[in-house]
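Q: Based on the hints, put chains B and C in the right spot on chain A.
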Amino acid sequence: MIEITNYCAISGSRISVNGQTDFVQDGDVLFTDFIKAAYRNYKVDYPKFFKMDNLSKLAFIAAEVLLKDTGFLTRYQPEDIGMLFQNGSSSLDSDLKHAASIKDKTNYFPSPAVFVYTLPNIMIGELCIRHKIKGENTLFISPKFDAGFLYDIIDNSFTTGKIQSCLGGWIECGNDNYHAFLFLAEKKIDKGLGKNVIFTVENLTTLYHQGIN
Amino acid sequence: MGNSLKSEKMPEVYIAGNNMMTSLGFTTDENVENLKNDISGIKLCTDKNLYPTPFWASPLSTERLNDSFAGIADIALFTRFEKMQILSLTEALKNSKVDVCDTKTLIILSSTKGNIDLLEENRFNPKRVYLWETAKRLAEFFGNSNQPVVISNACISGVLAIITGMRLIKAGKYENVIVTGGDILSEFVVSGFQSFQSLSQGPCQPFDAKRTGLNIGEGCGTIILTSNSSLADDSCLIRVTGGHSSNDANHISGPSRTGDGLYLAIKGAMSEAGILPENLDYVSAHGTATAYNDEMEAKALALAGLNHVPVNSLKSYFGHTLGAAGIIESVVCLYSLKQNILFNTKGYQEHGVSVDLNIIKKLTPAPINSCLKMASGFGGCNAAVVFQKKIVS
Amino acid sequence: MEELIAKLKEQIIAELNLEDVKPEDINDDSPLFGEGGLGLDSIDALELIVLLEKNYGIKIEDPKEGKTIFYSIRTLAEYITTNKKA
Numbered sequence: 001m002i003e004i005t006n007y008c009a010i011s012g013s014r015i016s017v018n019g020q021t022d023f024v025q026d027g028d029v030l031f032t033d034f035i036k037a038a039y040r041n042y043k044v045d046y047p048k049f050f051k052m053d054n055l056s057k058l059a060f061i062a063a064e065v066l067l068k069d070t071g072f073l074t075r076y077q078p079e080d081i082g083m084l085f086q087n088g089s090s091s092l093d094s095d096l097k098h099a100a101s102i103k104d105k106t107n108y109f110p111s112p113a114v115f116v117y118t119l120p121n122i123m124i125g126e127l128c129i130r131h132k133i134k135g136e137n138t139l140f141i142s143p144k145f146d147a148g149f150l151y152d153i154i155d156n157s158f159t160t161g162k163i164q165s166c167l168g169g170w171i172e173c174g175n176d177n178y179h180a181f182l183f184l185a186e187k188k189i190d191k192g193l194g195k196n197v198i199f200t201v202e203n204l205t206t207l208y209h210q211g212i213n
Numbered sequence: 214m215g216n217s218l219k220s221e222k223m224p225e226v227y228i229a230g231n232n233m234m235t236s237l238g239f240t241t242d243e244n245v246e247n248l249k250n251d252i253s254g255i256k257l258c259t260d261k262n263l264y265p266t267p268f269w270a271s272p273l274s275t276e277r278l279n280d281s282f283a284g285i286a287d288i289a290l291f292t293r294f295e296k297m298q299i300l301s302l303t304e305a306l307k308n309s310k311v312d313v314c315d316t317k318t319l320i321i322l323s324s325t326k327g328n329i330d331l332l333e334e335n336r337f338n339p340k341r342v343y344l345w346e347t348a349k350r351l352a353e354f355f356g357n358s359n360q361p362v363v364i365s366n367a368c369i370s371g372v373l374a375i376i377t378g379m380r381l382i383k384a385g386k387y388e389n390v391i392v393t394g395g396d397i398l399s400e401f402v403v404s405g406f407q408s409f410q411s412l413s414q415g416p417c418q419p420f421d422a423k424r425t426g427l428n429i430g431e432g433c434g435t436i437i438l439t440s441n442s443s444l445a446d447d448s449c450l451i452r453v454t455g456g457h458s459s460n461d462a463n464h465i466s467g468p469s470r471t472g473d474g475l476y477l478a479i480k481g482a483m484s485e486a487g488i489l490p491e492n493l494d495y496v497s498a499h500g501t502a503t504a505y506n507d508e509m510e511a512k513a514l515a516l517a518g519l520n521h522v523p524v525n526s527l528k529s530y531f532g533h534t535l536g537a538a539g540i541i542e543s544v545v546c547l548y549s550l551k552q553n554i555l556f557n558t559k560g561y562q563e564h565g566v567s568v569d570l571n572i573i574k575k576l577t578p579a580p581i582n583s584c585l586k587m588a589s590g591f592g593g594c595n596a597a598v599v600f601q602k603k604i605v606s
Numbered sequence: 607m608e609e610l611i612a613k614l615k616e617q618i619i620a621e622l623n624l625e626d627v628k629p630e631d632i633n634d635d636s637p638l639f640g641e642g643g644l645g646l647d648s649i650d651a652l653e654l655i656v657l658l659e660k661n662y663g664i665k666i667e668d669p670k671e672g673k674t675i676f677y678s679i680r681t682l683a684e685y686i687t688t689n690k691k692a
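Residue numbers (my numbering), protein chains in the order written: chain A, 1 to 213; chain B, 214 to 606; chain C, 607 to 692.
Isolated chain A (complex conformation) (with noise of 0.2 Å):
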């Protein structure tokens, strides 16, 4: 049996971890603030961070969150630790960001540090980079968050033992309506708390509507 053994949401300046409230701000905040306090509030210490655009720092946020007092990284060889996104406007924020830098032929300098983020799937790569994770990864690209779709990719990985355990998720980020919603899959572990949630369908539904702010 496969469990969500913790989730995060991201939205509205807020970051709730399973189901609870854990880093607000009031007010109007714009997401380039929101998401720098965020980083102060959980003191991480990761210069790259400033190097990353919008949808990579949310991404880098939840999963911080997300990970946080696991143990979660212990459990699992980092090939066995699968990535499976969804997304809905691809890198839209940086590729507007790419296309203005190339829209006047006399002050044309496109940045090789902007157009790296014009791949949605890089901020796989910025996690995998950060919690060592080595194992099977994709970005599917959906107009919104597919339970359904995700349940079934998830659980044929964890069938056919290409997986051990995964993050999967929502990372959206564009036009400022961002939205992260990332959990954690595992076999069934021995956690003595009894907090752990079944993977359904219907599960991740309801997790994923209680983070929307």
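Derived by calculation from the structure, the hints in this document are not laboratory data.
Check before you lean on any hint, since a few could be wrong.
[To be verified] The list that follows gives simulated cross-link-like pairs (lysine to aspartate or glutamate, DMTMM-like), each with its CA atoms no further than 20 Å apart: (1) 222/B / 152/A; (2) 48/A / 684/C; (3) 551/B / 225/B.
A: What follows is chains B and C alone, placed relative to chain A:
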């Protein structure tokens, strides 16, 4: 490898059709004819709308694209990318027994940037830049009612799409999966790769000591998968037997220096396919011809014990077609399997990687029963897929 | 030269998103790359090439030259002083 479905035999996944469209032609036959004659589609591009200074790349003929498409639908109503995809799907389906309208058929689209040129113009609804919107449009065009799956995972998208299709069929979710993918040659992408200084100053030279970078190619490809053997291409029964992806966890743009990430993908794919290194007949490398990529692949092949296996890169023929690469190059793999022929690694003259490899240096007839297609991409991702001929006893 | 060095430090901090680095943290002669440096990587090296062209009009044709040019703030400042277009 755990498998809780031991009592239930997973279906085989057969190839039921294919197409490729590159600078070398709009059909698979046309493409392979050019490959046989060692003709490359890479040329000097002087279109200032793509980049201020000339650069070497492999574009599709716009004229031919529009002429071909005009026979299908109104060219003004579809974007360049959509026209390419629709043409490729049409051609692949024409020669396949799979029904695209069947509810048991799924479409998977693979692309890195899709309609990215729409950011520069406003002829079309901006919503069309969303890849899921493009996929939806394609499914509607062909009358398929399932929500298509879209994979955008840098240069391994194509291989991942084939693997995902295989898995969904083996899991019994669909009987048929139409895997299609493409990318256009755009200023967006050319300028980006130029900023990375990764474009070659001439036609690229995979694995060669003098290689200096890649050429971007424009293209799209389609591979149709089915679990129904009566729908399979019975001129030669080929199966997709294994696939795996991995991450280097090293750098977001620089290839791993050890190749251990790609090795994981190769190992996982071959293990699933049940094929040993000594029995693999051919490897189709990613072979972009950048200094670090080719070296990394060579190391990965060595780790996997595949130094002896004939290996080539096709990117010196039609460039690096990004989201289409894994599919287009797999289509050539299928041809190699069918016709027992291996294509040259054009541009390779002097060995330029630190590991001994068996690089294919000319058009070579050889019995090919199994083949591994591999790919790596930005974000440190890697993927490998195995194709095998079904030996009918 | 000192003025250029000060300006370069600020430009590098801004362009390379070195958020928690202050100009006074950057030693004029210390290596920018590698151990004990600013933790710069291959993308930063490419960004410095863009910075050179954008801010100083100097185009580096061979990226391999970058190793010596970008060794330290001082080597970079000296290169700019020598090659800057009038």
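Q: With the threshold set at 20 Å, check whether the alpha-carbon distance from residue 551/B to residue 225/B stays at or below it.
A: Cα-Cα ~18 Å, so holds.
Q: Within a Cα-Cα threshold of 20 Å, do residue 222/B and residue 152/A meet the stated pairing?
A: Holds - the C-alpha atoms of residue 152/A and residue 222/B are around 18 Å apart, at most 20 Å.
Q: For a C-alpha distance cap of 20 Å, please report whether residue 48/A and residue 684/C respect it.
A: violated (28 Å)
Hint check: a violation occurs at hint 2 only; the rest are consistent with the structure.
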